[in-house]
Amino acid sequence: MSKDIIIEHAVKRYGNLTIIPDLSAQIRNSELFTLLGPSGCGKTTLLRMIAGFNSIEGGTISFSGQVINKIPAHKRNIGMVFQDYAIFPHLTVEQNIRYGLKEHKVPKPEADARVESIMKLTKIDIYRDRLPENLSGGQQQRVALARAIAIHPDVLLMDEPLCNLDAKLRVEMRGVIRDIQKEIGITTVYVTHDQEEALAISDRIAVMNRGEIQQIASPHTIYTRPYNLFVADFIGHSGFAYAQLKGKGPVRTLDFGNGYSVEMDNIKADAPEGRVIVGIRPEEFCVSKDPSRGFKSHISKSTYLGKYVIYFVDIKGVECPKGEDDAEDVFEISQDLGTATSLLKVGDDVSFEVYPHKINVFDAASGVSLIEGTSHEE
Amino acid sequence: MKSSSLSLGKGSFKDRFYGWVQGINFWSVVTLVVFVLFALFLVYPLFKLLISGFKDTETGAWTLENFRTFFGKKYYTNAIWHSLAIGVGVTLITVVLGTLLAYILTFYEIKGKKVLQVLIIFSMMSPSFIGAYSWVILLGRSGIVTQFFADKMGVSLPTIYGLGGIILVLVLKMYSNIYLYVSGAMKKIDTSLLEASRSLGCSPVKNVVKMIVPLVLPTILAAALMVFMTSIADFGTAMLIGEGYRVLPVLIYRAFMGENGSDANFAAAIALVMVTLTACLYFLQKFIINRKSFRMRSVKRIVPKKIIGVKGVLAYVYSYLLVGISVIPQFTVIYTAFLKTKGTRFLSSFSLESFSKMKSTIIKSAAHTYTYGIVAIVLIVIIAVFVAYLSVRKRNALTSTLDIVTVFPYIISGSILGIMLLLCFNKKPLVLSGTAAIIIIAFIIRRLPHTLRSSVAILYQISPNTEEAAISLGSSPQKAFFKVTFRLMLSGVLTGAILSWVTVINELSASLILYTGRTKTLSVAVYEQVTRGNYGNAAAIASVLMLSTAISMIVFLVSTRKKEFSL
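From first to last, the protein sequence lines stand for chains A and B.
Letter by letter, the first sequence follows residues 1 to 378 in this note's numbering.
Letter by letter, the second sequence follows residues 1 to 567 in this note's numbering.
To be clear, the hints were calculated from the coordinates, so they are not data collected in a lab.
Hints may be right or wrong, so weigh each one.
Claimed, not checked - Here are the computed distance ranges between Cβ atoms for each label pair:
(1) B:Ser360 - A:Asn134: 52 to 60 Å
(2) B:Thr191 - A:Asn134: 25 to 33 Å
(3) B:Glu109 - A:Asn16: 37 to 45 Å
(4) A:Glu133 - B:Val205: 38 to 46 Å
(5) A:Leu305 - B:Val205: 50 to 58 Å
(6) B:Pro214 - A:His298: 50 to 58 Å
(7) A:Asn16 - B:Asp190: 40 to 48 Å
(8) B:Val558 - A:Lys120: 36 to 44 Å
(9) B:Arg487 - A:Asn134: 16 to 24 Å
(10) B:Thr531 - A:Asn134: 53 to 61 Å
To be verified - With a straight-line Cα cutoff of 27 Å, these simulated DSSO-like cross-link-like pairs (lysine-lysine) come out:
(11) A:Lys182 - A:Lys268
(12) A:Lys102 - B:Lys483
(13) B:Lys479 - A:Lys108
(14) B:Lys520 - B:Lys340
(15) A:Lys168 - A:Lys123
(16) A:Lys301 - A:Lys248
(17) A:Lys102 - A:Lys120
(18) A:Lys70 - A:Lys102
(19) B:Lys73 - B:Lys48
(20) A:Lys70 - A:Lys120
(21) B:Lys479 - A:Lys102
(22) A:Lys102 - A:Lys75
(23) A:Lys105 - B:Lys479
(24) B:Lys479 - A:Lys70
(25) A:Lys3 - A:Lys75
(26) A:Lys246 - A:Lys358
(27) A:Lys75 - B:Lys483
(28) A:Lys108 - B:Lys483
(29) B:Lys187 - B:Lys306
(30) A:Lys102 - A:Lys182
(31) B:Lys286 - B:Lys210
(32) B:Lys187 - B:Lys286
(33) B:Lys187 - B:Lys111
(34) B:Lys113 - B:Lys206
(35) B:Lys483 - A:Lys105
(36) B:Lys73 - A:Lys70
(37) B:Lys394 - A:Lys75
(38) B:Lys342 - B:Lys357
(39) B:Lys479 - A:Lys75
(40) B:Lys394 - A:Lys70
The beta-carbon is built from N, C-alpha and C at its ideal position, and this holds for glycine as well.
Just chain A, same shape as in the assembly:
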């Protein structure tokens, strides 16, 4: 029933405007696969190509070996959950769920059984006779999900299903979606621009930008070992600094040019010496025990967040790539209050070191990671 999805060299064009130039990906059977990226990156476009609502201008998309390019949307046997739920407002909850079963000519006894079990699964059986306007956002979302999975689709497509819900409900519902997806084991393509949601829910994530997939990997890999600068910048808060990669052999030196350098033993063997960009996340810093070592820094601002504190620090003598948004030379450093012994103060001058095994190093020209074992697709 559940199928895998193979996308090969898919192209999407609107007139002369190319949204997706050449995209390939393999979505495994039964996995929850997330398309994550900034708005306008083509993630919804790709989802709608899979659904059949957007035409495919080149390449192929196939479900378990069957090319679906020419199959119209209503014959693809997909389940789709929309951003605004798209519940039929003139039908009751139960009628909404039955709609697809009727279209698929499911015999009455089986349809009844399915409706019952799905309403139980999604916990909406008590609202069965209500009209959608009398349901909350979360309940409507459950109806949308129930309606989509009732037809036993080959693949389930979800287009930012949680973005109209409030923060607390969003967290609750993503758990619900994850649990139900695992229970029925259906191949799911999930579109979101919310990285936290993507990390929490996915088996694998495809990070997209400008119609191209930047990296496909598990949430853990995406976060800890981004394949390129875009992914490193898009996921989490990374600070970036220029450095020189020096030496040959298994252990290399990363020289930040301000008197601080670290030894790296996980750089790709074929990485050339020269200028690189280092991505450092807030939690990859620690206060130096020996103040003469590390980045000489000045704390300019701090934000207290309960579990931890974020310090905004100016690091002396580092050269930073000019980003598009962030103030160029300010780094974020977090201090976990579970283990911290003392807080730092705004105005303090402190030295910070980095954890060499955690930081990421990218080629300055291509932006691709130089860390051993990183790959575009995993």
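Assemble the complex: chain A is given as a structure, and chain B must be docked to it using the hints.
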């Protein structure tokens, strides 16, 4: 798998061809049908009109003579200024009257507001020429009121005929349009906006000038445009009480119907002058309005306040007087329908004489009005829903040209449309002149926009995802449209359809050109009796027409459970 990039070039052609064949689906057929109708009944007639204006009636040769005649004589060119004077005069006065009434009824508690609202709708419920002839009955040379003043008081009232009378009739007919549009917009103003403005130091009076007026200005301008266009296109009123005050629609009608023999080409030339004029004005105003448009969404609705003192008295006098005067024609018609008549004069005793004399006319013309009206409204709804869908959901360079359908009746007045259709369909291959079909076509073209506008508006409120959801659940595109989108559109479509219906059964100016003895409608029958001076007979037929309109409105309001009527 490996060769996919190699075969891409070949495949893409095949893909495109296959996609094209598959593309011949329900919506392609709908698009095709809509465009064929569009070309046949809008583009071709317009083109024909353009050509006819430049041809000689006798010889059929190309000529500028028609225009030379028109622009060469003050007799004709004056009509342009007369039409503009009516347009400007009516528009300015209705905007002031209608906006003030909307303000009073929206912001203040006026006792009997519901009654006033019903009366306002009532005042709209008949063709304006019925208003014109009612005022002639009352204030004409031998009118009831005129006679009363002359006999009992020796006072001679100012004449109703000419510019003043036309403006009076049209103002009383159309201030209600401004009222309905503007009060609709005022209701959408969020109280918080006014409170915010007050908190920033605006006095209540300044609030009106600085907040309310600018917020409803786009609506006022849009409504004013409608009133302007309708009043310069109005034929019946000018014909009945204009007398020497010639306006363009009357000239066109006279040239075409010909007291001294028909000159279709000269009529076409005058029509072209008028179409050019209205088109320029329309697009100029549209340009101004578009630059000022914004959307409002009210969260906290305005709660009407109590009004007391001198202000209160003035507000009451104003609203009741205006509404009261505007329904006088309706009551005059009903009243006189039941009066005994002698020749063209009314006697003071009651009887059903007028009805019994007109019985067969009423039955026949009512049957025509209803059958043509029903056929037209069904087609209007179907076309409006499809055109709305194409222009909203399948928007591209081709379908966006469909927008002209909404503009068309604004620019082309009823008599011009009638002439255009006759010019095109009075000879083979498609002879429609004298048939019911040609009247129905005119109805559809003239009254489609009401339904189309409401269909477009409702469609914007329905998420396209709803239909896609149905498709993803296995419905074919057309099934998804009918089962979901169409079903959801229905309430909105009907709001416009009732307006189309009411204006269809009251249509006069195109019918008057297109009718024959066998296709006479109620409004044409009224007009015919009025021009013969049989005011009693006219009143009897007109009251049947008014009753039809009133029943339609009541059925609509009851069946949709709407509390009030809004545009």
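Verification of the hints:
For B:Ser360 and A:Asn134, the hinted distance range of 52 to 60 Å is satisfied, since their beta carbons lie about 56 Å from each other. Between B:Thr191 and A:Asn134 the CB atoms are about 27 Å apart, so this pair conforms to the stated range of 25 to 33 Å. At roughly 60 Å, the beta-carbon separation of B:Glu109 and A:Asn16 lies outside the given 37 to 45 Å, and the hint is violated. At roughly 41 Å, the beta carbons of A:Glu133 and B:Val205 sit within the given window of 38 to 46 Å.
About 51 Å separates the C-beta atoms of A:Leu305 and B:Val205, a value consistent with the hinted range of 50 to 58 Å. Look at B:Pro214 against A:His298: about 52 Å separates their beta carbons, and that is inside 50 to 58 Å. For the hinted restraint 40 to 48 Å between A:Asn16 and B:Asp190, the CB-CB distance of approximately 43 Å keeps it satisfied. In this structure the supplied range 36 to 44 Å holds for B:Val558 paired with A:Lys120, their Cβ-Cβ distance being about 42 Å.
With their beta carbons about 19 Å apart, B:Arg487 and A:Asn134 fall inside the hinted range of 16 to 24 Å. The hinted window of 53 to 61 Å between B:Thr531 and A:Asn134 holds, with their beta carbons roughly 59 Å apart. Distance hint between A:Lys182 and A:Lys268 is unfulfilled; the C-alpha atoms sit about 37 Å from each other, more than 27 Å. Taking the CA atoms of A:Lys102 and B:Lys483, the gap is near 12 Å; set against the 27 Å cutoff, the hint holds.
At roughly 21 Å between alpha-carbon atoms, B:Lys479 and A:Lys108 fall within 27 Å of each other, so this suggested pair holds. Between B:Lys520 and B:Lys340, the direct Cα distance comes to roughly 25 Å. Compliance with the 27 Å bound is thereby established for this hinted pair. For the hint linking A:Lys168 to A:Lys123, the alpha-carbon distance of about 18 Å falls within 27 Å, and the restraint holds. Restraint check for A:Lys301 and A:Lys248: not satisfied, since their Cα atoms lie roughly 39 Å apart, outside the 27 Å limit.
For the given pair, A:Lys102 sits about 20 Å from A:Lys120 by alpha-carbon distance, which is consistent with the 27 Å threshold. A threshold of 27 Å between alpha carbons decides the hint, and for A:Lys70 with A:Lys102 the separation of about 24 Å falls inside it, so the pair holds. Restraint check for B:Lys73 and B:Lys48: the C-alpha separation of about 25 Å stays at or below 27 Å, so the hint holds. About 36 Å separates the Cα atoms of A:Lys70 and A:Lys120, which puts this hinted pair outside 27 Å; it is violated.
A C-alpha spacing of about 13 Å is found between B:Lys479 and A:Lys102, which places the hinted pair at or below 27 Å, so the restraint holds. Restraint check for A:Lys102 and A:Lys75: the C-alpha separation of about 14 Å stays at or below 27 Å, so the hint holds. For the given pair, A:Lys105 sits about 15 Å from B:Lys479 by alpha-carbon distance, which is consistent with the 27 Å threshold. Proximity of B:Lys479 to A:Lys70 is assessed by CA-CA distance (about 19 Å); at most 27 Å being required, the pair is judged to hold.
Pair hint A:Lys3 plus A:Lys75 holds up; C-alpha atoms about 15 Å apart against a cutoff of 27 Å. Pair hint A:Lys246 plus A:Lys358 holds up; C-alpha atoms about 19 Å apart against a cutoff of 27 Å. Note on A:Lys75 and B:Lys483: the hinted pairing holds, with a Cα-Cα distance of about 17 Å set against a maximum of 27 Å. Proposed proximity of A:Lys108 and B:Lys483 is supported: the alpha carbons are some 20 Å apart, at most 27 Å.
Restraint check: the Cα-Cα separation between B:Lys187 and B:Lys306 comes to about 17 Å, which is no more than 27 Å; the hinted pair holds. A hinted pair counts as satisfied when its Cα atoms are at most 27 Å apart, and A:Lys102 with A:Lys182 qualifies at roughly 26 Å. With a C-alpha separation of about 23 Å, the suggested pairing of B:Lys286 with B:Lys210 holds against the 27 Å cut-off. Distance hint between B:Lys187 and B:Lys286 is fulfilled; the C-alpha atoms sit about 24 Å from each other, no more than 27 Å.
Pair hint B:Lys187 plus B:Lys111 holds up; C-alpha atoms about 18 Å apart against a cutoff of 27 Å. For the given pair, B:Lys113 sits about 26 Å from B:Lys206 by alpha-carbon distance, which is consistent with the 27 Å threshold. For the suggested pair B:Lys483 and A:Lys105, the alpha carbons sit about 16 Å apart, so the restraint of at most 27 Å is met. Taking the CA atoms of B:Lys73 and A:Lys70, the gap is near 67 Å; set against the 27 Å cutoff, the hint is violated.
Proximity of B:Lys394 to A:Lys75 is assessed by CA-CA distance (about 21 Å); at most 27 Å being required, the pair is judged to hold. This hinted pair checks out: B:Lys342 and B:Lys357 have alpha carbons roughly 13 Å apart, not beyond 27 Å. Taking the CA atoms of B:Lys479 and A:Lys75, the gap is near 13 Å; set against the 27 Å cutoff, the hint holds. Distance check on the hinted pair: B:Lys394 and A:Lys70 sit about 20 Å apart at the alpha-carbon level, within 27 Å; holds.
Going down the numbered hints, you'll see the structure goes against 3, 11, 16, 20 and 36, while the others check out.
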